[in-house]
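Chemist: So you can see what is in the structure, the chains are spelled out below.
Number of protein chains: 2
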Amino acid sequence: MSPTIKDIAKKAGVSIATVSIVLNGKAKVSATTKEKVEAVIKEMDYHPLHSARRLATQTTGNIGYIIWDGYFSEAEMFYSQVFWGVEYAARNNDYYVLVTTVKEKFNPKEDLPRFLRSRVVDGIVIMGKMPTSLLDYLEYLKIPFVLVDFEVQRKAYNSIQFDNYNGTYGAIEYLLQQGRKNIAYVGGLINHPSIRKRYNGYRDALEAHNIPAEIIQKFSYCVDVENTSEIGTEGAVQLLKKHPEIDAIFGCTDHIALGVIEGIQKLGRSVPKDVAVIGFDDIPISSYNKPKLTTLRVPKMSVGKEAFNLLLDVMKKPDMKSHTRILPVELIIRGSSQCN
Amino acid sequence: MSPTIKDIAKKAGVSIATVSIVLNGKAKVSATTKEKVEAVIKEMDYHPLHSARRLATQTTGNIGYIIWDGYFSEAEMFYSQVFWGVEYAARNNDYYVLVTTVKEKFNPKEDLPRFLRSRVVDGIVIMGKMPTSLLDYLEYLKIPFVLVDFEVQRKAYNSIQFDNYNGTYGAIEYLLQQGRKNIAYVGGLINHPSIRKRYNGYRDALEAHNIPAEIIQKFSYCVDVENTSEIGTEGAVQLLKKHPEIDAIFGCTDHIALGVIEGIQKLGRSVPKDVAVIGFDDIPISSYNKPKLTTLRVPKMSVGKEAFNLLLDVMKKPDMKSHTRILPVELIIRGSSQCN
DNA sequence: CTGAAAGCGCTTACAG
DNA sequence: CTGAAAGCGCTTACAG
Numbered sequence: 001m002s003p004t005i006k007d008i009a010k011k012a013g014v015s016i017a018t019v020s021i022v023l024n025g026k027a028k029v030s031a032t033t034k035e036k037v038e039a040v041i042k043e044m045d046y047h048p049l050h051s052a053r054r055l056a057t058q059t060t061g062n063i064g065y066i067i068w069d070g071y072f073s074e075a076e077m078f079y080s081q082v083f084w085g086v087e088y089a090a091r092n093n094d095y096y097v098l099v100t101t102v103k104e105k106f107n108p109k110e111d112l113p114r115f116l117r118s119r120v121v122d123g124i125v126i127m128g129k130m131p132t133s134l135l136d137y138l139e140y141l142k143i144p145f146v147l148v149d150f151e152v153q154r155k156a157y158n159s160i161q162f163d164n165y166n167g168t169y170g171a172i173e174y175l176l177q178q179g180r181k182n183i184a185y186v187g188g189l190i191n192h193p194s195i196r197k198r199y200n201g202y203r204d205a206l207e208a209h210n211i212p213a214e215i216i217q218k219f220s221y222c223v224d225v226e227n228t229s230e231i232g233t234e235g236a237v238q239l240l241k242k243h244p245e246i247d248a249i250f251g252c253t254d255h256i257a258l259g260v261i262e263g264i265q266k267l268g269r270s271v272p273k274d275v276a277v278i279g280f281d282d283i284p285i286s287s288y289n290k291p292k293l294t295t296l297r298v299p300k301m302s303v304g305k306e307a308f309n310l311l312l313d314v315m316k317k318p319d320m321k322s323h324t325r326i327l328p329v330e331l332i333i334r335g336s337s338q339c340n
Numbered sequence: 341m342s343p344t345i346k347d348i349a350k351k352a353g354v355s356i357a358t359v360s361i362v363l364n365g366k367a368k369v370s371a372t373t374k375e376k377v378e379a380v381i382k383e384m385d386y387h388p389l390h391s392a393r394r395l396a397t398q399t400t401g402n403i404g405y406i407i408w409d410g411y412f413s414e415a416e417m418f419y420s421q422v423f424w425g426v427e428y429a430a431r432n433n434d435y436y437v438l439v440t441t442v443k444e445k446f447n448p449k450e451d452l453p454r455f456l457r458s459r460v461v462d463g464i465v466i467m468g469k470m471p472t473s474l475l476d477y478l479e480y481l482k483i484p485f486v487l488v489d490f491e492v493q494r495k496a497y498n499s500i501q502f503d504n505y506n507g508t509y510g511a512i513e514y515l516l517q518q519g520r521k522n523i524a525y526v527g528g529l530i531n532h533p534s535i536r537k538r539y540n541g542y543r544d545a546l547e548a549h550n551i552p553a554e555i556i557q558k559f560s561y562c563v564d565v566e567n568t569s570e571i572g573t574e575g576a577v578q579l580l581k582k583h584p585e586i587d588a589i590f591g592c593t594d595h596i597a598l599g600v601i602e603g604i605q606k607l608g609r610s611v612p613k614d615v616a617v618i619g620f621d622d623i624p625i626s627s628y629n630k631p632k633l634t635t636l637r638v639p640k641m642s643v644g645k646e647a648f649n650l651l652l653d654v655m656k657k658p659d660m661k662s663h664t665r666i667l668p669v670e671l672i673i674r675g676s677s678q679c680n
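One line per chain: the protein sequences are U and L, in this order.
Numbering follows my numbering, with no gaps: position 40 of the first sequence is 40.
Plus 340 on top of the position in the second sequence (first one is 1) and you've got my numbering.
Keep in mind the hints are simulated off the structure, nothing from the lab.
Careful, some of the hints might be misleading.
Computed cross-link-like contacts, SDA-like style, restricted to lysine to any residue with a CA-CA straight-line distance of at most 25 angstroms [said to hold, decoys possible]: (1) U/K42 with L/E450; (2) L/K606 with U/G268; (3) L/K537 with L/R665.
Let the sequences and hints guide you as you build the complete structure.
Modeler: This is the structure:
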C-alpha cells in the first residue's frame, strides 16, 4: 500500500497536522521539522490521496468541459484542439478536467451533465453554442463557468471571445487592397452571436468603402443552419449564378469557405484568379486543401489556456465582476486569395 | 448546500446505512423503506458526493488516458478521436477520464503522469507508442492498463490492436486486382510494432503473388523517423526516380500517403492514373484531399470504446489473463486508387 | 431487514 | 511552532 499521512508523521516523529502544514504551507513550521518531514515524504515517495484531500477541503480539484453533442463528431476537431489548451493549463494548476457533451435540446431534468449532479467539478468551461436553459441552471447552482466563443444577449457571462468583428473587417480590407471589387459573404448560423459579428465586420468594412447597402445585401448569402461545406457550395453557386461579377467570397467558417471553393470550381471558375476566398478558424484541413485556404486563424491552444485561467480567477473570487477576454485572430494568407 | 446522506436519512426516518444500501443495492432492504428512501432522494435531488464515496471505497472512479507528447500537436487528431470513444464508454459506466501526456524520453523519477502520483485513477488507457520504462513502472505499481495500437516484444500486455497485417495485405491484393504490377511501400517508424505488421502485410501479399524478394526490397522505402507527409513525399520521389515503373504506392499512414501523392504530382505524374496510392488510418483530411485518398479506416470511436471495456474487465479481475482484441479495418476506396 | 459505530485519509480551528 | 481532536460524507462489517 501507498504510505499515508500517518506513516509520514510516525516516521518523522511529528503529528499528522504538522505533516499537513508542511504539505500545504498554510502555517509556520520550524525549518528543522520542515526539513525532516520533507525528507521522509521524499524517502517514502508519499503523495496525498486526492479524494481524501477533496473531502476535507470540500473542493473537487476538477473542472468540467462541456460541448454540444453536435460537435462530438469526427469532423469537428476544432473544439478538440481547444480542449488540449484547457487541459494543458489545468495541468499546470493541478486541476483535472472532465469532459462531457450536452444535447442540443437540453432538458434540465434529464440531460444534466453528470458531473454537475455529483458535484465533482469546481467550475466549467463551455465551448460554443449552449442552450440557455443549461446556463440558467448553472447560475442557479452557483457554479462558476466561462463561455468560449459564445454569449447571451443581455447576460454578462464570463467569456473568451475571438475578435470576430475586427478579424473579418481586416480580411475584407485586405481583399479590397488586393483589388477585389465585388466581395460576397456566405455563411450559416447567422443568429449565432459570433457569426453575426463576422457578418457585421464584413458589412461595415464594405460600407466604410462606400459600397451601397443594397449591393451588400445582394452579395450576402446568410442562412440559419449549421456551417457545413455543402452550405458553402450551395451559397457560392447561387451567388455566382445571379452575380457573375463577384470576385471574392468570405466564408464565415473554414468549412463554409472550403465548400465555397468547390462551388466556384464546379462552375468552371478558378480560385483565386477569378474569385478569391477567405475563411475563418484555420482548421487543419485548410492548409491541405488545393488551393490552400486563406483564413483567420483562431489561436486554439491559447483560447483553451485563457479559458482555464479566467475560470480559475472566477473560482477564486466568485463575486468577481464578469469578464470578457477577446483574443485576436490572425490573417493567414495562402493560395486561395493571392495570385502569384 | 446540497443535501447529504444524513439529510436523507433524517427525512426518511432511517439510518444513513440504510440510505447507503438503497443507493448501492448491496444488500436487501424491505420494499417499503426502499420506496420511502428513494422518494426522499428524488425529492431532495440528492446525489452522493463523489470524493466521499471514493474515500470510503478506496477507489477513484477515474481512469487515465496517456498519450505521447509528440502526438499532442495540432495536426494529430487521430488520438483525439479515439479519446472521445474512451470518454463515451467511460461515461456510460460512470467513470471519468483524465488525460495527460508523457515525454518521449520518459524518466520515471521526474516525468510520472501526475495522476499516478496522487492515485487518482483506477486504471489507464495508453495510446500508441510508449516508453517501456513507463510500462514497467505501471506493472510495479500494479495499476491495470490497456495499450492501444502498441505492444512490447515478449510482454503479454492487455491491448487493443487494429488488424494492421490483414488490412494491408487486403489493400495490396486489391491493388493487384486493379491491375497494378509494381507496388511500392513508403513509411517511417519501421520499428513500431504496428507499422512493422503493415509492412509484413505488404511484403507477404506480394510474395504470395510471386513477386521476387529483391523487387520488394527495391520498392520499399522504410525509414525510422516519424510518419510525416514530408517523409512520404521524399520517399515517393526517391522511389519513382529510381524505378519509374512503379504504378502504385502504399503509404503506412495517411500522413505518409498524402505526402506520397504530393511527391508523385511534383514529378508531373498523375494519381491514380499513373500511380495509385493507399494510406492507413482514414484521418479527416484524407477525404478532403484531391484526389480523395483510398485508405484503411480504423474505427476510432470503437477503438476507444473497446479500450475502455477491456480496461474495465481488467480492473474487475486484476489477475485476468492478458488479452488482446484485434479490430478489423475497412478498405475505403476513393479517388486515389481507382480511375473512372 | 435495519442501526450504531468505526473507518477511509486528509484539513483546520483550537489549545498550549 | 506543534499536537489532539473534530469533521468532511460516505461505506461496510457487525450486531441485533
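Chemist: Hint by hint, note whether the structure agrees.
Modeler: Cross-check of the supplied hints:
Restraint check for U/K42 and L/E450: satisfied, since their Cα atoms lie roughly 13 angstroms apart, inside the 25 angstroms limit. Restraint check for L/K606 and U/G268: the C-alpha separation of about 24 angstroms stays at or below 25 angstroms, so the hint holds. Taken as a hint, the L/K537 and L/R665 pair is honoured in the structure, with Cα atoms around 15 angstroms apart against an allowance of 25 angstroms.
Going through the hint list in order, the structure satisfies each hint without exception.
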